[in-house]
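Undergrad: Listed below, chain by chain, are the residues.
Number of protein chains: 2
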Amino acid sequence: MADTSVRPQASDAEPTHEVAPSDAPRIDIPLVTDKLLGTWGDIRRTAREMLKDSAFWRIDGQTHHEHRERVYSQLGLLVQHNAIGRAFPVEYGGENNNGGNLASFEELVLADPSLQIKAGVQWGLFTSAIYQLGTKKHWDKWLKAAIELEIPGAFAMTETGHGSDVAAIGTTATYAPETEEFVIHTPFRGAWKDYLGNAAVHGTAATVFAQLITGGVNYGVHCFFVPIRDENGEFLPGVGGEDDGVKGGLNGIDNGRLHFTEVRVPRENLLNRYGDVAADGTYSSPIASPGRRFFTMLGALVQGRVSLDGAATTASALALNIAVTYGNQRRQFAGASGAETVLLDYGKHQRRLIPRLATTYAQTFAHDELLRKFDAVFGGTNDTEESREDLETLAAALKSLSTWHALDTVQEAREACGGSGFLAENRLVGLRSDLDVYVTFEGDNNVLLQLVGKRLLGDYAKQFKGKDSKEIAAFVVGQTAGKVFHGAGLRQLGQAVADLGQVARSVELGLRAKDQHELLTDRVQQMVADVAGRLRAATKLSPDAAAALFNENQVELLEAARAHAELLQWEAFTDAVASVEDAGTKQVLGWLRDLFGLGLLEKHLSWYLMHGRLSNQRAIAVGRYIDRLCLRLRPHAQDLVDAFGFAPEHVRAPIASGAEKERQDEAAAYYADLAASGTAPAKEKKPSTR
Amino acid sequence: MADTSVRPQASDAEPTHEVAPSDAPRIDIPLVTDKLLGTWGDIRRTAREMLKDSAFWRIDGQTHHEHRERVYSQLGLLVQHNAIGRAFPVEYGGENNNGGNLASFEELVLADPSLQIKAGVQWGLFTSAIYQLGTKKHWDKWLKAAIELEIPGAFAMTETGHGSDVAAIGTTATYAPETEEFVIHTPFRGAWKDYLGNAAVHGTAATVFAQLITGGVNYGVHCFFVPIRDENGEFLPGVGGEDDGVKGGLNGIDNGRLHFTEVRVPRENLLNRYGDVAADGTYSSPIASPGRRFFTMLGALVQGRVSLDGAATTASALALNIAVTYGNQRRQFAGASGAETVLLDYGKHQRRLIPRLATTYAQTFAHDELLRKFDAVFGGTNDTEESREDLETLAAALKSLSTWHALDTVQEAREACGGSGFLAENRLVGLRSDLDVYVTFEGDNNVLLQLVGKRLLGDYAKQFKGKDSKEIAAFVVGQTAGKVFHGAGLRQLGQAVADLGQVARSVELGLRAKDQHELLTDRVQQMVADVAGRLRAATKLSPDAAAALFNENQVELLEAARAHAELLQWEAFTDAVASVEDAGTKQVLGWLRDLFGLGLLEKHLSWYLMHGRLSNQRAIAVGRYIDRLCLRLRPHAQDLVDAFGFAPEHVRAPIASGAEKERQDEAAAYYADLAASGTAPAKEKKPSTR
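Chains A and B are the protein sequences, given in the same order.
Counting in the working numbering, the first sequence runs from 101 upward without gaps.
Counting in the working numbering, the second sequence runs from 101 upward without gaps.
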């Protein structure tokens with residue numbers, strides 16, 4: 101049924117008044133599409149072409165059992181299309197193309213987020229664990245089979261009792277030198293593995309994370325390859341589990357629980373890249389520090405977070421494409437002329453959709469930066485301890501903001517489409533349900549922001565190394581107005597964003613690009629400095645009191661991390677605008693970037709006022725300028741969502757197919773004919789008195 | 101399966117440290133439960149008792165077809181329990197108890213929101229249309245059958261092309277005097293009736309809204325009783341339709357589309373309380389003004405909005421009960437002592453849940469006020485044109501805020517429960533999906549807020565009646581700092597809230613109750629005055645320019661309406677606190693009210709700063725005070741959610757059943773035993789160099 105809603109988008113539709121006057125700047129849509137598709141645009145186009153096949157699309161109304169089987173069979177189609185192995189080495193059928201692999205993977209969200217995430221479980225987590233945490237013997241044994249879906253696998257990290265705090269998981273893997281085996285064991289109910297894709301039905305093996313114990317010492321969390329089901333789909337001896345059942349979304353994935361009762365696997369099943377156990381039980385690792393070893397192993401799996409940032413942004417773009425297209429056709433309530441007003445001509449409707457479009461653009465450009473960093477680290481062109489740490493921080497920061505933004509945007513789009521938005525056929529509610537869990541999996545967003553915040557504090561503290569307390573005090577006081585600190589080393593002041601202020605020709609009371617940049621940067625610096633200043637007392641306190649002090653500042657630290665991520669998005673957007681040659685495109689994207697920047701200022705306006713960064717007059721100008729920018733961008737809204745480059749087969753929502761315009765035209769023609777025929781009923785006369 | 105998750109809540113659980121010190125004030129939980137259940141508490145308790153039967157509960161994972169049949173059969177159970185007819189007259193089996201009827205109806209959300217809304221379609225819309233818009237002949241013919249579900253019916257108002265703008269619907273009902281019939285007709289696709297519960301499968305009749313045309317004159321929208329299906333469930337001649345299919349939630353309801361091709365119904369099928377057509381085609385109405393007649397008919401159906409306010413608030417309470425209970429048991433990351441920290445001890449977790457609890461309390465008390473107004477109007481104890489208008493405004497204001505709050509709160513609760521929150525068994529994702537459409541049905545929230553805003557402007561303008569423009573100008577200037585206007589006449593300054601300031605003993609830099617009240621009131625007044633001032637120019641403009649001017653001010657008008665609703669909620673909360681005798685309860689609820697008030701100030705802090713209502717110093721104090729209130733209320737969080745009075749059969753979420761505490765205890769005991777046994781693996785030694 102789904103394909104009945106795919107109709108060609110009316111490219112030859114009569115222009116309605118959402119079109120800008122002919123002398124106004126316009127964006128060059130194909131050029132902007134190229135920009136948005138980014139570094140791996142060709143691969144994204146290939147993926148989108150593949151996804152035009154309805155075999156990949158979600159069917160609404162299936163039971164979760166039917167949906168699971170459909171998605172599982174779709175994984176097979178992906179293998180047939182060679183769509184999933186790009187990240188792996190050539191000798192195992194891959195292309196060693198890390199950025200391209202994720203770019204392609206992210207696009208799957210257009211077909212069905214369940215397909216994206218089930219593919220992510222199989223290849224981004226299970227197969228990647230074998231590749232990233234294992235060594236050649238593991239690759240030779242399992243990699244090709246995992247890539248080709250001969251071994252469907254679960255990634256058994258999370259436990260019922262421990263999600264965010266992976267280091268504290270309860271599952272043990274105790275080495276038994278007499279048989280050269282590891283004994284995988286679940287000691288209590290809270291240590292059951294939980295929420296694992298592929299665990300309830302399809303998985304025949306799992307990469308199981310457990311505390312590695314040998315010679316009476318716990319060497320911390322390591323990963324083991326553990327077969328879990330036989331060829332008939334029955335659990336192997338010692339393995340048990342449960343189905344997690346129906347979820348809030350992503351019901352095409354068979355999430356489930358696993359537990360192990362003294363399950364023995366050969367010593368070789370330890371994925372031993374970062375830690376190994378010799379036959380006699382001796383432990384060795386190339387990374388001496390247990391903490392650094394743990395974070396290195398986790399960091400090897402950062403691609404999940406990276407790809408969620410991209411997929412969430414693509415989902416936001418799709419939702420806005422649907423809502424803006426509908427908002428440009430749907431009419432409600434007669435306007436001054438008697439004709440009904442197009443929704444997107446309402447001030448409130450513009451305020452609901454256009455700023456979210458600006459944020460989605462910012463995220464798209466920021467994501468391409470993230471993907472390039474990821475590719476450089478994993479492709480080896482810039483793989484240092486520092487670049488890995490930067491990548492992890494950036495991924496944590498951007499993933500948090502973009503996944504929350506997706507929920508917010510898809511929901512606003514759904515509400516902006518009214519009752520139509522609530523029908524499954526129009527896609528928005530499905531996207532909303534499926535994307536929901538993106539904000540808490542692969543790292544709970546609040547936990548990720550805390551990680552970013554701590555990194556900011558660490559970078560801040562580095563500036564004081566070797567200084568005595570008096571110097572530090574002077575520094576802390578002095579830097580309030582200064583620019584000595586930028587944040588997480590992701591972009592130093594030296595490498596400031598290109599071409600500031602060239603774009604924004606509409607000068608507004610100190611709210612031009614360079615002012616936006618200064619205000620956003622300043623806020624990050626000040627917030628980090630403020631938290632750091634308050635936390636300095638912690639060193640002199642008891643552990644309990646120090647923890648309480650940190651806790652008191654937790655909300656603000658997370659807010660600082662968010663501010664930092666927003667700044668990075670703004671900078672990426674600004675760089676993208678600067679790289680545009682076409683004057684009309686540059687102009688319009690400049691407005692959109694201004695809208696994003698001003699939106700951030702408005703969101704945090706009370707902070708800017710309380711900290712004396714904006715006068716009342718400038719603060720009042722922020723809201724007014726946003727209103728004007730929305731109005732100025734309104735004629736470009738359709739162009740800007742068309743530039744995402746989705747084909748009708750990707751959009752698939754009947755309300756964005758042109759059907760609404762047909763209905764409006766039919767109704768208007770009916771009333772016009774009626775009037776012309778002279779048979780229209782008269783209007784009731786108003787009574788002379790009330 | 102659902103009932104396996106129902107376990108007695110651990111009332112005898114050991115106190116953990118969420119319990120306040122013994123000398124601190126505590127709330128009297130049963131007393132607060134009585135307060136929260138409100139005026140019709142006894143009826144709410146009866147409904148909740150009935151809903152302990154698992155026959156009423158939602159089963160996750162059903163197809164929408166199965167779910168629809170289950171809910172339909174549940175409607176039959178409601179009839180058997182005499183749970184649905186209270187609002188109707190005694191002679192038709194009712195009790196003429198309007199407030200009690202809605203109170204009982206709202207509680208259904210605890211069993212399954214689909215059950216609530218399907219019951220709402222049958223009795224709150226379809227049957228109520230017969231009762232409120234019809235006359236004795238209709239009651240005698242159809243009322244008892246509709247009440248007893250012998251006639252399942254659809255409420256056919258909304259069309260594909262017109263939701264918010266009901267006056268513009270396209271369906272026509274043309275009187276044919278020769279046969280004394282109305283011809284119901286759908287002239288074009290956009291005029292199909294759409295999103296109608298009971299239309300896809302179960303409905304055998306519909307109350308159809310159509311433009312009444314007689315003698316060549318259109319008398320506007322009226323309602324007609326139209327049979328649509330025969331005893332075999334087949335559409336009657338001329339009637340057609342479609343299934344709306346799967347939706348984002350509420351899939352226990354068979355929403356569908358209907359269209360009519362010259363369907364003839366007897367003249368008597370016009371529900372003629374507010375407008376009638378004589379046999380010869382002469383139109384008559386007790387309300388001469390077409391506009392007022394239209395709004396009177398619509399206003400007769402206001403109970404939908406009233407009940408959504410209550411149901412959304414109950415759903416928020418349930419979500420907070422689940423998340424706070426879990427947050428008080430779940431531990432993650434080791435704290436200073438080495439033991440893992442309870443989630444609700446984290447500053448951010450407190451900030452996520454406790455302010456939303458404060459808002460939910462405010463809404464609960466405000467809803468009881470709304471319900472009493474509703475009961476007075478519909479029960480006839482205070483049924484005037486003005487009281488009806490007040491009721492409609494208040495319902496629009498409160499429904500908008502509380503339905504949005506429900507989505508926000510349920511989502512925050514779901515995220516606060518992490519991956520567990522995403523499992524259907526834990527209720528939150530189901531509530532979120534089902535409640536989604538509450539924000540756009542029975543009046544799109546933005547459209548409702550605009551209605552409230554226009555009412556505020558109207559009330560404001562009344563003050564200038566008879567004044568000349570010079571006086572008005574002086575007035576507008578003068579009132580900035582004054583208090584001449586309160587807003588929508590819902591509560592005059594004379595009837596100020598009781599007992600201000602007695603409660604808040606913790607004096608904070610001018611942020612006590614009376615300051616909160618002044619600041620909140622002042623903001624409503626100022627915003628309305630500002631918008632009104634800018635709109636005054638409209639009278640001198642062309643229609644187009646006037647519309648553009650209004651459009652420019654739309655966002656701010658909606659914001660003023662929201663501010664007004666927030667003030668009303670604050671006042672209701674304050675009155676409720678004032679009515680409490682018990683000192684400990686009064687103290688704690690006073691803090692919670694302060695948290696609600698301060699939360700509103702924080703949300704609008706930039707406005708207060710820009711308009712000179714708060715100094716920087718006071719503004720900074722707002723956030724700090726909120727932090728302290730969260731910390732102070734943290735030991736009361738469990739009491740406050742327990743006070744909602746839900747039984748395990750209402751909560752049903754395994755994570756809020758005590759199971760998490762059992763798991764935590766088991767894990768802690770395991771590690772304690774291991775340590776005691778002397779067989780615990782040693783910790784890996786840290787390397788001496790990095």
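If you are wondering where the hints come from, they were derived from the structure by calculation, not from laboratory data.
Just so you know, not all the hints are guaranteed correct.
[Said to hold, decoys possible] A partial selection of chain B residues facing chain A, derived with a Cβ cut-off under 7 Å:
hint : residue
1    : 189
2    : 192
3    : 193
4    : 289
5    : 435
6    : 439
7    : 442
8    : 447
9    : 537
10   : 643
11   : 655
12   : 675
13   : 710
[Unchecked claim] Computed list of lysine-lysine pairs in DSS-like fashion (alpha-carbon distance at most 27 Å, straight line):
hint : chain 1 : residue 1 : chain 2 : residue 2
14   : B       : 640       : A       : 554
15   : B       : 640       : B       : 562
16   : A       : 448       : A       : 703
17   : B       : 448       : A       : 448
All C-beta atoms in this analysis are idealised placements derived from N, C-alpha and C, irrespective of residue type, glycine included.
Undergrad: All the hints need checking, so say for each whether the structure fits it.
TA: Quick rundown of the hints versus the structure:
1. 189: violated, 31 Å
2. 192: Result: violated, 32 Å to nearest chain A Cβ.
3. 193: Given a least distance of 33 Å, the restraint on residue 193 of chain B is violated.
4. 289: holds, 5 Å
5. 435: holds, 6 Å
6. 439: violated, 11 Å
7. 442: At about 12 Å, which exceeds the 7 Å cut-off, the nearest Cβ of chain A leaves the hint on residue 442 of chain B violated.
8. 447: Constraint on residue 447 of chain B satisfied, holds at 4 Å.
9. 537: This interface hint holds because 5 Å falls under the 7 Å limit.
10. 643: Where the cut-off is 7 Å and the nearest Cβ of chain A is about 4 Å from residue 643 of chain B, the hint holds.
11. 655: Where the cut-off is 7 Å and the nearest Cβ of chain A is about 5 Å from residue 655 of chain B, the hint holds.
12. 675: violated, 29 Å
13. 710: Holds - the Cβ of residue 710 of chain B comes within 7 Å of chain A, reaching about 5 Å at its closest.
14. B:640 with A:554: violated, 58 Å
15. B:640 with B:562: holds, 19 Å
16. A:448 with A:703: Holds. Residue 448 of chain A to residue 703 of chain A sits at ~17 Å (cutoff 27 Å).
17. B:448 with A:448: Measuring from Cα to Cα gives roughly 32 Å; hence the hint is violated.
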